Structures are given as C-alpha cells and as structure tokens.
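Take the sequences, apply the hints, and build the full model.
There are 2 protein chains.
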Amino acid sequence: MSVFTPVSESQLAHWLKSYSVGTLAALEPIAAGIENTNYYVTTSQGCYVLTLFERLPAAELPFYLELMAHLARHGIPCPAPVADLADRYLSTLNGKPAALVTRLEGASLERPGTPECAELGALLARMHLAGRSYGGYLENPRGPKWWRFAAQKVMPFLDKSQREVLENEIHFQSRHRFAELPRGAVHADLFRDNALFQDRRISGVIDFYFAGVDCFVFDLAVCANDWCLADAERDRRLDAARTRALLGAYHAARPLSARERDAWPVMLRAAALRFWLSRLFDKHLPRPGELVQVHEPEHFRDILGLRAAAPQAPWIA
Amino acid sequence: MSVFTPVSESQLAHWLKSYSVGTLAALEPIAAGIENTNYYVTTSQGCYVLTLFERLPAAELPFYLELMAHLARHGIPCPAPVADLADRYLSTLNGKPAALVTRLEGASLERPGTPECAELGALLARMHLAGRSYGGYLENPRGPKWWRFAAQKVMPFLDKSQREVLENEIHFQSRHRFAELPRGAVHADLFRDNALFQDRRISGVIDFYFAGVDCFVFDLAVCANDWCLADAERDRRLDAARTRALLGAYHAARPLSARERDAWPVMLRAAALRFWLSRLFDKHLPRPGELVQVHEPEHFRDILGLRAAAPQAPWIA
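Taken in order, these protein sequences are the chains called D and W.
Here the first sequence stands for residues 1 to 317, where the numbers follow the numbering used here.
Here the second sequence stands for residues 1 to 317, where the numbers follow the numbering used here.
Please note: incorrect hints may appear among the correct ones.
A few chain W positions that, by computed beta-carbon distances, are all more than 12 Å from chain D [to be verified]: (1) 22; (2) 77; (3) 84; (4) 119; (5) 170; (6) 180; (7) 192; (8) 213; (9) 230; (10) 252; (11) 253; (12) 254; (13) 257; (14) 284; (15) 295; (16) 299.
Which residues of chain W face chain D? A partial, calculated answer using Cβ under 8 Å [stated by the list, open to error]: (17) 42; (18) 44; (19) 75; (20) 76.
If you want the ones that stay clear, here's a sample from chain D, every Cβ over 10 Å from chain W, calculated [what the hints assert, rightly or not]: (21) 13; (22) 48; (23) 126; (24) 294.
If you're looking for bench data, these hints aren't it; they were derived computationally from the structure.
Computed from a predicted model, the values in this text were never measured in an experiment.
For every residue, glycine included, the Cβ atom is placed at its ideal position computed from N, Cα and C.
Right under this line is the structure:
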C-alpha cells in the first residue's frame, strides 16, 4: 500500500485547474512504490502519474524533476514533468509537495533476454550522453559517504561474518575511488522494474528518485547486477551473453574508456555493496509507520561475495 | 513538392550522432508544406519530423521552437523539439537551420463536426492559458502592420471592386484596434490541416511557423473561419452549431471577457482579411523559385464580405 496521503476526485479536479491538461476523467491509486503516494490520473487531454512526495527532502526534488524534464526533451523515454500555469514542475497538494508527470506505456520484464539487455545498454548510454548537459547537481545520496553512515548504523545488527565482509568491502572501496572516471547525472536504481518494454523496445525508464551525480560506469554496474544474473534465485553470477549484450550496446553508443573498463570489477562490487547496505538499513532500521515489504539483503551480500571472489572483465572486444 | 534541400541517409545518420535519439532506421520526405523542407525520421528510439528552414528569418526560429517546447511541457499535444547534446533545439544541416521534433499520431479532418469543434475550442483555450507564461516575444508577423504593407503591394493587381473592399476593411480595422484585449502567444494558423485527430480526440496541433503574439480572440476567429463554415465551397456563413461548440468549449476552459465578446465580429473580419491578403500576395507576388499551389484568395474575400454584412454575435450563453 503506497497511498500515504489520499486525494479525492474533487480535490484533484480543483488542483488541475492550475494546469493546462484539461478536466479530470479518472483517478486511480497505484499500489507499488515505497517512498511516495502515486495515482494514475486521466484527463480530457491524456494520461499522467500524480506523485505526492512523502519522504524525499524538499531541497532534492527540483534535481529529480528537472533531470526528468531535461532527459525527456532530449528524447529519452522517461516521465516528463508537466509544468503548471505558473510554469513550475513542483506544486503542493494536500500539504505535500506534488508533481504531475506523463504516464508511459509498456510493462516491465521479469526475465529480460539478451536483446532486452542490449536495448537497456543502448538507452543507458543515451541517457548518460543526454545528461552531460544537465546543469543540476546532487551528489549520489547513496554514495560512499552514505555507505559509511549506513554501515555504522547497521553494524550492531550483523553477525561476525557479515561485519567482516562489510568492513572489508568499505575498506576495499575506499582504496579504489575513481575521481578521474567520467561522471554525470545517473539513474542509480535502474532495476528491471524501473524499465518498461513495449514490442520488445524500451518504452520508458521510470522512478528517478534515487538519481544523483556519480560515475557512469557505476550506473551500468547497478544494471548488470540486476539484469544479467544467471539466475536471480539460484546463481547470481553474471550471465556472459546478457552482460556482453548490455556492455556492448552501451559501448557502441558511448565508448567506455580504458579507465572505465579497469574500474568495472570494482564498480560491480560497489553497486552490490550499495544495495546490500540499503536493504540492511531498511530491514534493521525501518522508518516509523513504514509498511514496506523488505527486500532480502543477503541477495546482494551473495552478489558482492561472488563479484569479489571472481573479478569480472568488462567483456568488450 | 516541399523538399527544397535533399538530405541523404548517411548525412542524417552522421547528424543524429549529436542527438540522444539512437540510430537512424528510416528517412522519408514529406510532400506537404510550402515553407520548409520536411522529412519523417525513424530511429531506434522513436518517430520524429526533421525540418530544414528554407525561408523563415533565422532570428524568428527560436521563438517558434521555444514556444513548441513550452507548450509541450505544459501538456499541449504539439511537436516537441528535441534538444541536441549541446542542449540546443536549433542546429544546422546541409547549410540550413534545422530542428528535430517529435512526430505526433493522428490525421487531420476535412469535415470536422460539432464534437471536433468543441475539442478544438477546449484545446485552443488550454494553449492560450499555457502560453501566458511563455517568455518569448514576436509580434504576429501577419498582423496589422503587415496588412498595410501587403495591401500596398497587391493593390496594383486588383480590380476596382476588390480595391474598395480592401481599402474599406483596412480602414475599418484601423478604427477597431483592441489594445486592451488579452494577448499572448497564438498559433494564428490553426486551420483544419494543422490539427490531428485520433479516436475523435485532438492528438496534435502542428505547424507553429506563423505563430506570434496577438489577441487570443483573433486566434479563435481564425479557427471559426475555417472550421465552422456552413459549406466551404458553397456557403461560407458560420454554421451555428459548430461555432457554438467551438466558442462554448473555449469559454468553459478560458472564459471570454465582455470586451472579447464585443470584439468578436471585428475579429472574424480581421482573420478573413489576413488570409485574403496573404493569398493575394502569394498569387500576385510569388517568391522566386516557388512551386507552391496557390490557394484561391476569393474564398476569403467572400468570407470577409459575409462577416461584414452580417456581424456575428459570439453565441455564448
């Protein structure tokens, strides 16, 4: 259940008067999502998603909305924020910061194949290229600083073996910072459920609320660790064909430098660490009133162990 | 034939490298259009229209492109310019100013009915509301100043009766300027062939290259004189039901003031004058090398005569 703040039809019909999207036809709550209240909104003009921001720091919201607007006007199929009559993307509804974005067609895939991983790689490269001219700045809120903060918080809840792995990995990563790697605005959470497909093409990338500025190759590693597993339940090594498809298609649109290729094995570990930590945090330190289905942290501990035990070459010819 | 500047697939494939819309899949010239060279472009990302600007003054192009971008991000279904990697809407191809815009679905209607006129009225009102926050400024290039210029140029080609009507109307309009009427960015050329319909809803408004800042109610009068004729060939009086639908739907979304209603009969004449003049101009003073099918000017002289003989109330309850 992700409707933290109910919105009535009459409230919304009134609120929509400050937009040029026509009159309200239908309003439907969206059950998915753990951070915000979301509704599907249909008007005489089109189909939208209404988001009421429940937890994100208000100061960060313009970064996300302007990034989506920037990418959309560069042709990236992401939700485009709709500006209101005062020319703002961010408004207020029921006391919460609120935004209306376009609704994209398509559905996410649970088991993407090689062609879908190639689609993703090409789109991710185009997103990174388009994002280079984006002027907003927000350091990845789940970057190395946050790792150290979160590790300290979750440490008391871990057993000895977990503590050792976590301490070792934080130390390992601190010795492998890549200040010289190409950076820019990255999605940083492009799991399978955040990409929509239609007719075997990517029709949308959604949920930019973990975006930030980080290494492009980190974004790619986040994708590989979710899209390219041999078997998400039983064998979390990278499947060679799908990983090659992801990296090859990315490389064709935005060539990876020698430094980025060198960083690849470390980035796969960094990406696993980031999600292991956030899942540990959500499990052991749930926020008050949170009714969220906790994802199993050990999925990413397993990935981290596998990536550390067998460093992966980037598989690019 | 509207391809004045041919573009090859290899030229375009190279040009598209400075965009984040993927790789070229297909290129198809568009036969319609008299001012620019247009192509349908399909890439691995989506469907677009490429325009090479042949005649429009370069200084005016940002007004049109930024207006389309402004309206699109307010939810108006118009072509959205795609920004290139340098974050510009306007680029150069084959020595011509060039832009890539999204391609909209739908088809124009030759005989719109009452519901379609209502659709148009509501959308036009939303466009005007969304356009109020647009910062660009370009006085309508086919406004009163241009009428006087064009009248002087075409006068030698007219017979006595035409000259009298033209002189009288220019004089009449000069006594009825409405400086106090609400103004803003208007399309100013929203004829039936510039609106696309799909499933009986307006899916697109295209061709913004006659847009400018003028009275909102002038824009509405341009529409009425094309969409609401009793019979475009035989009876150019306004059909009451379709005119009521157009005005009523507009009024529901953006209420017309008493002054705007008072101005309506004059605006219908102004809108007829503007197109009578431009058609006379194109017929008698064709530009060198122009291979344009000339529209019959007397269609609008007839409309002008009818609107002057029987002033129209705005038909709003």
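Results for each hint:
no.: 1; hint: 22; result: violated, 7 Å
no.: 2; hint: 77; result: violated, 7 Å
no.: 3; hint: 84; result: violated, 8 Å
no.: 4; hint: 119; result: violated, 9 Å
no.: 5; hint: 170; result: holds, 35 Å
no.: 6; hint: 180; result: holds, 22 Å
no.: 7; hint: 192; result: holds, 20 Å
no.: 8; hint: 213; result: holds, 17 Å
no.: 9; hint: 230; result: holds, 28 Å
no.: 10; hint: 252; result: violated, 9 Å
no.: 11; hint: 253; result: violated, 8 Å
no.: 12; hint: 254; result: violated, 10 Å
no.: 13; hint: 257; result: holds, 18 Å
no.: 14; hint: 284; result: holds, 40 Å
no.: 15; hint: 295; result: holds, 31 Å
no.: 16; hint: 299; result: holds, 32 Å
no.: 17; hint: 42; result: violated, 12 Å
no.: 18; hint: 44; result: holds, 7 Å
no.: 19; hint: 75; result: holds, 4 Å
no.: 20; hint: 76; result: holds, 6 Å
no.: 21; hint: 13; result: holds, 13 Å
no.: 22; hint: 48; result: violated, 8 Å
no.: 23; hint: 126; result: violated, 4 Å
no.: 24; hint: 294; result: holds, 36 Å
The structure is inconsistent with the numbered hints 1, 2, 3, 4, 10, 11, 12, 17, 22, 23, although it conforms to all the rest.
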